[in-house]
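Novice: Using the sequences and the accompanying hints, generate a full structural model.
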Amino acid sequence: MDRRSFLKYTLAAGSAALVSQAFPKKVVAVHKTSGNLSSGRFLNAFYYRAHMYTMVPKHIREDLKWMADAGTDAVTIAILEQDFDAAFENVEFICNEAAKLGMSVIAVPSRWGGIVAGSPKVPSVFTTQNPQTWVLRKDGTPVNTPVTGRISSIHYEETFDFVIRSLDKLYKNWDIKGIIWDELKTLKVDYSPKALEIMGPNPTEAQQLQANVDFYSRVNKYLKTHYPDKTTSMFIYSNLSDEIVDKMAETQYLDYYGCDGRPWRVEDGGKAENPGKMLVGHVGQRFIDAAKARNKKSLFLIENHNLANADIPLLEKRMPELMQMDIDQLIYYYYPRNIEDPDRLMAIMKRELKAFKK
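Per our numbering, the very first residue in the sequence shown carries number 1; after that it's consecutive.
There may be inaccurate statements among the hints.
[To be verified] Below, in silico cross-link-like pairs of lysine to aspartate or glutamate (DMTMM-like), each with a Cα-Cα straight-line distance of 25 Å or less:
1. LYS169 <-> ASP214
2. LYS121 <-> GLU81
3. LYS177 <-> ASP63
4. LYS58 <-> GLU250
5. LYS247 <-> GLU183
6. LYS172 <-> ASP289
7. LYS194 <-> ASP161
8. LYS247 <-> ASP289
9. LYS138 <-> GLU197
10. LYS100 <-> ASP63
11. LYS247 <-> ASP214
12. LYS358 <-> GLU340
13. LYS121 <-> ASP63
14. LYS138 <-> ASP168
15. LYS121 <-> GLU197
16. LYS58 <-> GLU273
17. LYS221 <-> ASP246
18. LYS221 <-> GLU273
19. LYS277 <-> GLU250
20. LYS354 <-> ASP326
21. LYS177 <-> GLU62
22. LYS271 <-> GLU352
23. LYS357 <-> ASP343
24. LYS188 <-> ASP229
25. LYS277 <-> GLU316
26. LYS121 <-> ASP289
27. LYS169 <-> GLU62
28. LYS169 <-> GLU197
29. LYS185 <-> GLU250
30. LYS277 <-> ASP229
31. LYS350 <-> ASP85
32. LYS350 <-> ASP326
33. LYS354 <-> ASP341
[Said to hold, decoys possible] Computed beta-carbon distance windows for the label pairs:
34. ALA310 <-> PRO120: 38 to 48 Å
35. LYS354 <-> ASN96: 37 to 47 Å
36. ASP161 <-> HIS282: 17 to 27 Å
37. GLN207 <-> PRO313: 35 to 45 Å
38. LYS357 <-> ALA293: 33 to 43 Å
39. VAL147 <-> GLY40: 28 to 38 Å
These are computed hints drawn from the structure, not numbers from a lab. Virtual Cβ for every residue (Gly too), placed ideally from N, Cα, C.
Specialist: Printed below as a string of structure tokens:
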């Protein structure tokens, strides 16, 4: 019996009607996309790390009420490998409180194996403990990112097994509606021994992209087989090449596909985390078109974090235009990190987001 089942069993022990709950894995026929897609536009709030150590119930309830008032359908939290041991009750509390307001909870697998983004910027425990899985450069040295360290290669079965085990823990512990694969970190050519064994001595970007499609299609298939009512989403940088945009849209058993970026046009200027990483205009439209062409729904994540006051007018100017784009799932950061005037920013966000569902 897993921890969630144990807690529910124990709490019910004093009642006259004690019911024991198990978690059988229901296997059903699998389709390439889920039947559990939202029938309308879906508004999602990235609520990153509210449950990390300090968690004041009153504050959580106030936050969730703000989101619900803005028309938010789902609250997305970032789940680290460590959270399965260190944040069980905190995540449970958010799930319960969100449900009271009619919102579901979605999870972002964060920094698992170093293969995806999420929050916070920390190394993966799995990757640290399994150096045989590290992604290598052509010269044989490990790829070492400046903020999260090493990355595990998706070509190793150990990496796949770790992700699957972690997803099982996720769904057995908490009432989570779906998962989001956040900014894949394995798109560049991998020269690890297993990668070279599979792709040959001179691997290409095209081969590595196909490996990513295959890896996430396989993981998503597992999810759709064992947890058929859960949604699967993926987004990558909006400024990536047409080749990458179109190729990753081929990922199977994926409900939503899209990108993240600033909510204005490239020609507007402003500060972006990467040059040209914008949503409005042709850059973002490519993802909507790629998703629709492959029977998927579109997804945009508004990067309203790490935003200087000088760029708030750009956000305010282009948000109405963004709301008019054919976006199926729109995600925003709720009171995100590194903002000079967070209250001013979120007041604008709430006003503009209310137009999304109209």
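Novice: All the hints need checking, so say for each whether the structure fits it.
Specialist: Hint-by-hint comparison with the structure:
1. LYS169 <-> ASP214: 23 Å, holds
2. LYS121 <-> GLU81: OK: LYS121 and GLU81 at ~13 Å, within 25 Å.
3. LYS177 <-> ASP63: It holds: about 19 Å lies between the C-alpha atoms, which stays within 25 Å.
4. LYS58 <-> GLU250: Between LYS58 and GLU250 the Cα gap is close to 43 Å, so the pair fails against 25 Å, i.e. violated.
5. LYS247 <-> GLU183: 15 Å, holds
6. LYS172 <-> ASP289: Given pair LYS172, ASP289 is violated - Cα atoms ~35 Å apart, limit 25 Å.
7. LYS194 <-> ASP161: 15 Å, holds
8. LYS247 <-> ASP289: 13 Å, holds
9. LYS138 <-> GLU197: 14 Å, holds
10. LYS100 <-> ASP63: It holds: about 13 Å lies between the C-alpha atoms, which stays within 25 Å.
11. LYS247 <-> ASP214: The given pair, whose Cα atoms are some 11 Å apart, holds under the 25 Å limit.
12. LYS358 <-> GLU340: Not satisfied, since the Cα-Cα distance of roughly 30 Å exceeds 25 Å.
13. LYS121 <-> ASP63: OK: LYS121 and ASP63 at ~23 Å, within 25 Å.
14. LYS138 <-> ASP168: 34 Å, violated
15. LYS121 <-> GLU197: 31 Å, violated
16. LYS58 <-> GLU273: 33 Å, violated
17. LYS221 <-> ASP246: 20 Å, holds
18. LYS221 <-> GLU273: Since the Cα atoms of LYS221 and GLU273 sit roughly 32 Å apart, the hinted pair is violated (cutoff 25 Å).
19. LYS277 <-> GLU250: OK: LYS277 and GLU250 at ~22 Å, within 25 Å.
20. LYS354 <-> ASP326: 16 Å, holds
21. LYS177 <-> GLU62: Holds. LYS177 to GLU62 sits at ~22 Å (cutoff 25 Å).
22. LYS271 <-> GLU352: 21 Å, holds
23. LYS357 <-> ASP343: With Cα atoms ~23 Å apart, LYS357 and ASP343 stay inside 25 Å; holds.
24. LYS188 <-> ASP229: At roughly 32 Å apart (the allowed maximum being 25 Å), ASP229 and LYS188 break the hint.
25. LYS277 <-> GLU316: The hint holds at about 17 Å.
26. LYS121 <-> ASP289: Violated - the C-alpha atoms of ASP289 and LYS121 are around 31 Å apart, more than 25 Å.
27. LYS169 <-> GLU62: 29 Å, violated
28. LYS169 <-> GLU197: Roughly 31 Å separates the two Cα atoms, so the pair is violated.
29. LYS185 <-> GLU250: 17 Å, holds
30. LYS277 <-> ASP229: 33 Å, violated
31. LYS350 <-> ASP85: Given that 25 Å is the threshold and the Cα spacing comes to 34 Å, the pair is violated.
32. LYS350 <-> ASP326: 20 Å, holds
33. LYS354 <-> ASP341: 21 Å, holds
34. ALA310 <-> PRO120: 38 to 48 Å: 26 Å, violated
35. LYS354 <-> ASN96: 37 to 47 Å: With a Cβ separation near 26 Å, LYS354 and ASN96 fall outside 37 to 47 Å, so the hint is violated.
36. ASP161 <-> HIS282: 17 to 27 Å: 40 Å, violated
37. GLN207 <-> PRO313: 35 to 45 Å: 44 Å, holds
38. LYS357 <-> ALA293: 33 to 43 Å: The hint (33 to 43 Å, Cβ to Cβ) is violated, given that LYS357 and ALA293 are roughly 25 Å apart.
39. VAL147 <-> GLY40: 28 to 38 Å: 37 Å, holds
The structure fails to meet hints 4, 6, 12, 14, 15, 16, 18, 24, 26, 27, 28, 30, 31, 34, 35, 36 and 38 from the earlier list, while all remaining hints are met.
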